[in-house]
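Once you've looked at the hints, dock chain B with the ligands against the given chain A.
Chain residues, written in single-letter form:
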Amino acid sequence: MLKDVTLGQYFPGDTAAHRLDPRTKLVGVLIFIIALFSAVNWISYGIMLAVTIACIAISKISIKTITKGLKPLVVIIILTGLLNLFYTQGDVLISFWVITITKQGLKRALFMTSRIILLICGTFLLTYTTSPVALTSGLERLLKPLSKIKVPVHEMSMMMSMALRFIPTLIEETDKIMSAQKARGADFETGSLAQRAKALLPLLVPLFVSSFRRADELAVAMESRCYHGGSGRTAMKRLKMGSIDYLAFTLGFIMMFGVIALAYFGL
Amino acid sequence: METAILETIALRHVYSAGTPFEKTAIGCVDVRINKGELVALIGHTGSGKSTFVQHLNGLLKPTSGQVLYNGTDIFADKKTTHNIRYKVGLVFQYPEYQLFEETVYKDIAFGPKNMKLSDAEIDDCVREAARFVGVGEELFEKSPLELSGGQKRRVAIAGVIAMRPEVLVLDEPTAGLDPKGCDEIINNILEYRKQSGSTVILVTHSMDDAARIADRLIVFSEGGIFMDGSPHEVFSRTEDILRIGLDIPAPTAIAEKLRKLGLPVPEGIYTSEHLKDAVLSIKKGGCTNA
Ligand SMILES: Nc1ncnc2c1ncn2[C@@H]1O[C@H](COP(=O)(O)OP(=O)(O)OP(=O)(O)O)[C@@H](O)[C@H]1O
Ligand SMILES: [Mg+2]
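Taken in sequence, the protein lines are chains A and B.
Heads up, the first sequence is in my numbering, so the first residue is 716 and it goes up one at a time.
Heads up, the second sequence is in my numbering, so the first residue is 69 and it goes up one at a time.
Hints are supplied without guarantee of correctness; some may be wrong.
[As the list claims (entries may be wrong)] Simulated crosslink set (BS3-like; lysine-lysine; CA at most 25 Å straight-line): (1) Lys181(B) / Lys891(A); (2) Lys775(A) / Lys91(B); (3) Lys147(B) / Lys913(A); (4) Lys913(A) / Lys184(B); (5) Lys210(B) / Lys913(A); (6) Lys913(A) / Lys146(B); (7) Lys863(A) / Lys952(A); (8) Lys351(B) / Lys328(B); (9) Lys155(B) / Lys103(B); (10) Lys891(A) / Lys129(B); (11) Lys779(A) / Lys129(B); (12) Lys155(B) / Lys891(A); (13) Lys174(B) / Lys891(A); (14) Lys210(B) / Lys248(B); (15) Lys147(B) / Lys184(B); (16) Lys129(B) / Lys783(A); (17) Lys91(B) / Lys779(A); (18) Lys129(B) / Lys786(A).
[Stated by the list, open to error] Calculated from the model, a selection of chain B residues having no Cβ within reach of chain A, i.e. all distances over 10 Å: (19) Thr171; (20) Leu245; (21) Lys248; (22) Gly265; (23) Phe294; (24) Met295; (25) Glu301.
These aren't lab readings, by the way, just hints derived from the structure by calculation.
Every residue gets a Cβ at the ideal spot worked out from N, C-alpha and C, and that includes glycine.
With the rest of the complex left out, here is chain A (with noise of 0.2 Å):
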């Protein structure tokens, strides 16, 4: 079913993962994503592979919640391999018919999945261990020097946060009303293509009406509580980094520049 997605889902836990400051997991996240895109070679996606365990370890999250969440991907992921895998210059491995394997291929392909990979794997670990509300403060508090040439910083993390607390709402009332199509002999599983998307309107209307309808709703309730924006509105959980948050930097960036220097001096 639908719920089953865990793509982007939040899991609460009690983990040193979970208690680290969200802004320390957001830079630790794009120093991650940095020196993945740094490494080329086997060593750095070593560094990489074991980093990301490490890290999955800490958060206490089972490999199972991680293969379910990399399923939807598994096509992209697969695709990019082979498309890498035989189309690669190089030094002949294997040849027949039209296809042919080189030695650079097979190592391109095998790094390109890993680096998606762990891609994934990396912005998983954020999302399933910062919960929503603290992603978007985090993330408002990291963009607010850009509220001084004018970027509506705290209306985009309002945004934000809305989206994100409504995703599973969305999900949710779609996994409704499909039901209660279904119940009246709605078929949405088999049939060819148009058919199938035919089949989607009596699911998109109510999804699109009920949608609008809580848009409003939601209007109405934020304004007859005078909510009017950021300037001077204070917050009631306050970040605050402690001494596991500046462990982390240190390690983070020791990771990264580890990695940076191992291309540079090509290790």
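Then chain B with the ligands, alone, in the frame of chain A:
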């Protein structure tokens, strides 16, 4: 032994199994619903009623256990599961949110159309269903979105009745309606049942309705069956009912109060009709004594 039209065997459902959100909504439910019965399901919020009824037409697959329709497993194969939807019609909680067609008529016709009936048959089904729920033909060409909440609810119920199911399951069909609207819908359902002779399963939070119209009550609590019996059997156990967060019907409560005041009101009063009779007979008795 009567033939059960629907039967569940050790039905269990766990939501989000294998995640931190794992939740056993119902555990080990054995129920036999006999043909032609009007069964009311009652139970506190979150006791698993909605989860249970969604198994009856195969929308939810049990984590373990079986659902039998006329003795055959409804999950035996895909086709059976699909066809069971027409046999067991399920009206969801707040069904008005599922309306989607441009006109009321087309929306009611959605189910019969999926059954691949002929146009004439569809027309028959739609008109009949609309009549049962009191939706006038003047509304047929209106958009469902223009209707009032109560009218939408009726149209949604008609959308299920139009499939002429053998078993009609309604999940809180009167939630959020005014008292008059509630009564009308309940009477519509009773009328439908009388004319079609179908089996009806009604999930409700109204003890008065449950006591008044049901042949049999099934009481859910914490995902299991707490009691199963006639309204008399169930509501005579006042303490147990109150303990699991439910209420007894208002007439029963009034009768009890009157009894406490020393009036000769008999036990076993569950409907306002009974109460009226009892009170009137006291009055008569009082007069002759004077
Ligand atoms: N889709 C779902 N995913 C996860 N948990 C669910 C889902 N639907 C229901 N539950 C949980 O299962 C339990 C039973 O829910 P259910 O909706 O069956 O109760 P109910 O008896 O119909 O309640 P109500 O009277 O409020 O309608 C609840 O604790 C609920 O939180
Ligand atoms: Mg319910």
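Pairwise hint evaluation, Lys913(A) against Lys210(B), where the allowed Cα distance is 25 Å at most: Holds. Lys210(B) to Lys913(A) sits at ~22 Å (cutoff 25 Å).
Least C-beta distance between Met295(B) and chain A, which was stated to exceed 10 Å: Check passes; 28 Å lies beyond 10 Å.
Beyond 10 Å from each Cβ of chain A, as asserted for Gly265(B): Label holds. Min Cβ-Cβ 21 Å, cutoff 10 Å.
Given pair status - Lys129(B), Lys891(A), alpha carbons within 25 Å: holds, 15 Å
Given pair status - Lys184(B), Lys913(A), alpha carbons within 25 Å: With Cα atoms ~16 Å apart, Lys913(A) and Lys184(B) stay inside 25 Å; holds.
Assertion that Glu301(B) lies farther than 10 Å from chain A (Cβ): Label holds. Min Cβ-Cβ 31 Å, cutoff 10 Å.
Holds or violated: Lys129(B) to Lys786(A), with C-alpha atoms at most 25 Å apart: holds, 22 Å
Status of the stated non-contact between Leu245(B) and chain A (beta carbon gap over 10 Å): At about 18 Å from chain A, Leu245(B) clears the 10 Å cut-off, so the statement holds.
Holds or violated: Lys155(B) to Lys891(A), with C-alpha atoms at most 25 Å apart: holds, 20 Å
Straight-line alpha-carbon gap Lys775(A) to Lys91(B), limit 25 Å: holds, 20 Å
Pairwise hint evaluation, Lys891(A) against Lys181(B), where the allowed Cα distance is 25 Å at most: holds, 21 Å
Pair hint outcome, Lys147(B) versus Lys184(B) [Cα-Cα no greater than 25 Å]: holds, 15 Å
In this structure, every one of the numbered hints holds.
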